[in-house]
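Position 119 (the sequence shown) corresponds to 102 in the numbering used here; numbering is contiguous.
These aren't lab readings, by the way, just hints derived from the structure by calculation. Note that the Cβ used here is the ideal one computed from N, Cα and C, for glycine as well. Just so you know, not all the hints are guaranteed correct.
Claimed, not checked - The calculated DSBU-like cross-link candidates involving lysine-lysine, where the alpha carbons are at most 30 Å apart (straight line), are: (1) K94 to K74; (2) K67 to K18; (3) K38 to K64.
To be verified - Computed spacing ranges between beta-carbons, pair by pair: (4) F(-1) to D56: 17 to 25 Å; (5) K67 to Q95: 36 to 44 Å; (6) K103 to A(-8): 36 to 44 Å; (7) V101 to D56: 47 to 55 Å; (8) K64 to K(-16): 26 to 34 Å; (9) N3 to S60: 18 to 26 Å; (10) K103 to D0: 35 to 43 Å; (11) S59 to V(-15): 22 to 30 Å; (12) I96 to K67: 21 to 29 Å; (13) E39 to K2: 19 to 27 Å.
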Amino acid sequence: KVPSIIGTATICLALFDSKNYLPFQKFGYFYSPIKVHEYKACGKPVIASDIGNLKELVKNNVNGFLVNESDIDEISSAIIKLLKNKKLRAKMGGTNRKEVLETYNWDYVNKQILSRLVNKSTV
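Can you build the whole structure from these sequences, using the hints too?
If you want it as structure tokens, here you go:
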């Protein structure tokens, strides 16, 4: 059901109020929100807060935009840019979908684990 709901969206947002969320203040931004992975799997461009490991999931101007979550002008600009440019949305969404298909599968995970085990055993 989640993919069908996300599929109706033109763009997807992952904005976090990191300055006012107490766990972020105490421990830092330390988790990977599943929604970003779901957005990417559905082939959607993502606008995300420029914090923590979201910087690893969203590459600015490649598969989405990283924004300062407290800068409404920056957020609005990113939204408008994507809404006005269908080709950019398709390119960013396609990049996300391709990445998910190539890296979020058991074959890829097994290769990563094997590589780490081999590298660890040679130390």
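Hints and how they fare:
1. Distance hint between K94 and K74 is fulfilled; the C-alpha atoms sit about 28 Å from each other, no more than 30 Å.
2. A distance of roughly 24 Å separates the Cα atoms of K67 and K18; the hinted pair therefore holds under the 30 Å criterion.
3. Only pairs whose Cα atoms come within 30 Å are accepted, and K38 paired with K64 is accepted, the gap being roughly 20 Å.
4. For the pair F(-1) and D56, the supplied restraint of 17 to 25 Å holds, since their beta-carbon distance comes to about 18 Å.
5. A beta carbon spacing of about 38 Å between K67 and Q95 agrees with the range 36 to 44 Å that was offered as a hint.
6. For the pair K103 and A(-8), the beta carbons lie near 41 Å from each other, so the given range of 36 to 44 Å is met.
7. In this structure, V101 and D56 meet the distance hint of 47 to 55 Å, their C-beta atoms being roughly 49 Å apart.
8. Between K64 and K(-16) the beta carbons are some 30 Å apart, a value that agrees with the proposed interval 26 to 34 Å.
9. Range check, N3 to S60: about 23 Å between beta-carbon atoms, so the 18 to 26 Å window is met.
10. Taking 35 to 43 Å as the suggested C-beta distance range, the pair K103 and D0 conforms, at roughly 39 Å.
11. S59 and V(-15) have their C-beta atoms about 27 Å apart, which keeps the hinted 22 to 30 Å range intact.
12. Taken as a hint, the range 21 to 29 Å is violated for the pair I96 and K67, whose Cβ atoms sit roughly 43 Å apart.
13. Between E39 and K2 the Cβ separation comes to about 21 Å, which falls inside the hinted range of 19 to 27 Å.
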